[in-house]
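Heads up: the sequence lines are chains U and Y, in that order. One point on numbering: in the working numbering, the residue at position 57 of the first sequence is 57, and numbering is uninterrupted. One point on numbering: in the working numbering, the residue at position 360 of the second sequence is 1360, and numbering is uninterrupted.
What the hints contain is simulated information worked out from the structure, not anything from laboratory work. Take the hints with a grain of salt, since some may be wrong.
[Unchecked claim] Short derived list, chain U residues pointing at chain Y, Cβ under 8 Å:
| hint | residue |
| --- | --- |
| 1 | 72 |
| 2 | 107 |
| 3 | 110 |
| 4 | 117 |
| 5 | 121 |
[As the list claims (entries may be wrong)] Some chain U residues flagged as far from chain Y (calculated, every beta-carbon gap over 10 Å):
| hint | residue |
| --- | --- |
| 6 | 13 |
| 7 | 26 |
| 8 | 135 |
[Said to hold, decoys possible] Across the chosen pairs, the derived CB separations fall in these ranges:
| hint | chain 1 | residue 1 | chain 2 | residue 2 | range |
| --- | --- | --- | --- | --- | --- |
| 9 | U | 18 | Y | 1148 | 25 to 35 Å |
| 10 | U | 33 | Y | 1358 | 36 to 46 Å |
| 11 | U | 14 | Y | 1351 | 20 to 30 Å |
| 12 | U | 67 | Y | 1467 | 47 to 57 Å |
| 13 | U | 113 | Y | 1046 | 43 to 53 Å |
| 14 | U | 29 | Y | 1201 | 34 to 44 Å |
Since the model is a prediction, treat every value here as computed from it, not as a measurement. Idealized CB from N, CA, C, for every residue including glycine.
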Amino acid sequence: MSSSIQTVAEHWSLAVYLGAVGLLCAFMLGVSYLLGGRDWGRAKNEPFESGVSSVGGARLRFSAKFYLIAMFFVIFDVEALFLYVWAVSLREAGWTGYIEAVVFITILLIGLVYLWRIGALDWAPESRRRKMQASKMTHIKEAE
Amino acid sequence: MTLNEQQFIALLPILITGATTVVVMLAIAFARNHWWNATLTVAGLNLALASIILAARVAPQTVTPLLVIDGYSCFYMALILVITLACATLAHAYMEDFAGNREEIYLLLTLAASGAMVLVSSRHMASLFIGLELLSVPIYGMVAYTFRNHRSLEGGIKYMVLSAAASAFLLFGMALLYAHSGTLSFKGLSGQFHMAGLHSPLLVVGALMILIGLGFKLSFAPFHMWTPDVYEGAPAPVGAFLATASKTAVLAVLVRFLLEASAENELAMREAMGVIAFLSILVGNFLALTQTNIKRLLGYSSIAHLGYVLVAVVAANHLESEAVAMYLVTYIATTLGAFGVVALMSDAGRLHDADAIFNYRGLFWRRPYLTAVLTVMMLSLAGIPLTAGFIGKFYVIAAGVDAKLWWLLGALVVGSGVGLYYYLRVVVALYLPEPGMVQHDARLDWGQRAGGIMVLALAAVVLIVGIFPQPIIDLIRDAGITALHLS
Chain U
1 MSSSIQTVAE HWSLAVYLGA VGLLCAFMLG VSYLLGGRDW GRAKNEPFES
51 GVSSVGGARL RFSAKFYLIA MFFVIFDVEA LFLYVWAVSL REAGWTGYIE
101 AVVFITILLI GLVYLWRIGA LDWAPESRRR KMQASKMTHI KEAE
Chain Y
1001 MTLNEQQFIA LLPILITGAT TVVVMLAIAF ARNHWWNATL TVAGLNLALA
1051 SIILAARVAP QTVTPLLVID GYSCFYMALI LVITLACATL AHAYMEDFAG
1101 NREEIYLLLT LAASGAMVLV SSRHMASLFI GLELLSVPIY GMVAYTFRNH
1151 RSLEGGIKYM VLSAAASAFL LFGMALLYAH SGTLSFKGLS GQFHMAGLHS
1201 PLLVVGALMI LIGLGFKLSF APFHMWTPDV YEGAPAPVGA FLATASKTAV
1251 LAVLVRFLLE ASAENELAMR EAMGVIAFLS ILVGNFLALT QTNIKRLLGY
1301 SSIAHLGYVL VAVVAANHLE SEAVAMYLVT YIATTLGAFG VVALMSDAGR
1351 LHDADAIFNY RGLFWRRPYL TAVLTVMMLS LAGIPLTAGF IGKFYVIAAG
1401 VDAKLWWLLG ALVVGSGVGL YYYLRVVVAL YLPEPGMVQH DARLDWGQRA
1451 GGIMVLALAA VVLIVGIFPQ PIIDLIRDAG ITALHLS
């Protein structure tokens, strides 16, 4: 019986707490709205209005290569963590562990070969690479 | 823990599928050749399929605390490999004219297949989650594979975001179960469900959250919002995979969880599943009524069909897993066939798939055999006798009647009646006289190519199972699916 009363009390205190949080927020916003000063300006409604008017948009274009690097990090660095675990238990894991680690590393290696072959490791954008290839060709032709 | 030889043999199907992925990746790195890479994939998958015979000989084997290879998982692994093979042949036909990299879809396909195989043989929450993610993550990529088509990209992103939310539900449910019981294996949870039962809110809420997470992947009714958009966006072979392999694997693991953890004895669980089944049947069928896009229509119909299967799960009697397996076999053959025809009619070189019903208008006058295949599939989806769909529905109704689930059966009957309308609407369009606008068409020699032969074989399977179902029923019984109840 007493435990049920206790639960009810706990629920009540939580409800009162939540209500108090809501009231406090409303009070702070409401009072500052009523009492606070107001002034308007052309640059006042801009996001970065602290004295300096902003220039340009926030939507910069990043090269997608950065995402590629982040993905490489996730793939190879995080998977290398498994090798640390293997390294500290090398003797206990024995030959079975060794074979499994070899399989694991082989798969990673094949992944690397795949990435290399599809050109994910080439840093320059594809268009520039094509342009460079073309200019090299013209150089060779000129030399001839 | 080291594996002995028998456990290694039991794991062979999963290992070979995984190795196929690596080999195909290496082959793509070596030389990009669509035909070669597809052939390599198909060879690997066939090898895995053959190795199931070996695995079934040594079954049941418990491999680590995570996986168990028994008759049940062998049966579903075989189903998944067959589906993957079918989707690979469809993808080969579909991808022929794709402008981007065509080969990676096989990589994703085999990865998803290995995830599905882990899923059907898992006996632990950890392997359930790993399998589910390994199944889902490649599917995001596959849905968005033809990313120049903005619907495909949209579908991929939608599926990824919503799927992540569902995974969060699943994980939280697991955490609650673990908080109460300190174990994550299905067997360990079984003891907890027996002891605590309804009195433990943590267990009930945890199990229901797992039901929500899995229900999302199965697109049950309150969690079905993503289905039509993703099905519409996904390239047709991927849609076929999504509608069959993904659902088969998740449903198989759901049934195993319910049976092994005896979670279905929970009244709350069964009531929740009953409501979900009821809603799925009605929502799926009624929303399909106004669709003019055949992929969306198949999406809604898959919601309804999964609702039908859930009736058998709710029945929870001796017929349960047999009915589920039987219904899934018929549903897989039928849905693969229907998506297969859509895939043969479309190709990735065009901006849009041939997915509007008017694309199929008068198809009979141009491609009579392909039309016959689609007609058989639509009739089977509607559950007309002499097709496989009828046998599956018969099983579900038998299970439902046995458990006296009258209101669910009522929904099933109403749903089937409504379903007849929109399935037959597609059939009618096939035979209408041609208005003289040919936008999409299958290749002239579609019947001599791998995809076409596969679709014709599926139509034969649907008819044979419909007329003479005994062999497949025996197969399901032999697979020891009914034995799950006893264990």
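These are the hints, each one checked on the structure:
1. 72: Violated: closest Cβ of chain Y sits about 16 Å from residue 72 of chain U, beyond 8 Å.
2. 107: Check passed: Cβ of residue 107 of chain U comes within 6 Å of chain Y, closer than 8 Å.
3. 110: holds, 5 Å
4. 117: holds, 4 Å
5. 121: violated, 12 Å
6. 13: At roughly 20 Å from the nearest Cβ of chain Y, residue 13 of chain U sits farther out than 10 Å, so the non-interface label holds.
7. 26: Consistent with the label, residue 26 of chain U stays out of reach of chain Y, its closest Cβ about 31 Å off (over 10 Å).
8. 135: holds, 26 Å
9. U:18 to Y:1148: 25 to 35 Å: Distance hint for residue 18 of chain U, residue 1148 of chain Y is violated at roughly 50 Å.
10. U:33 to Y:1358: 36 to 46 Å: violated, 58 Å
11. U:14 to Y:1351: 20 to 30 Å: Because 55 Å falls outside the window, the suggested range is violated.
12. U:67 to Y:1467: 47 to 57 Å: Holds, at about 55 Å.
13. U:113 to Y:1046: 43 to 53 Å: Taking Cβ atoms as reference, residue 113 of chain U and residue 1046 of chain Y lie about 25 Å apart, which means the hint is violated.
14. U:29 to Y:1201: 34 to 44 Å: holds, 37 Å
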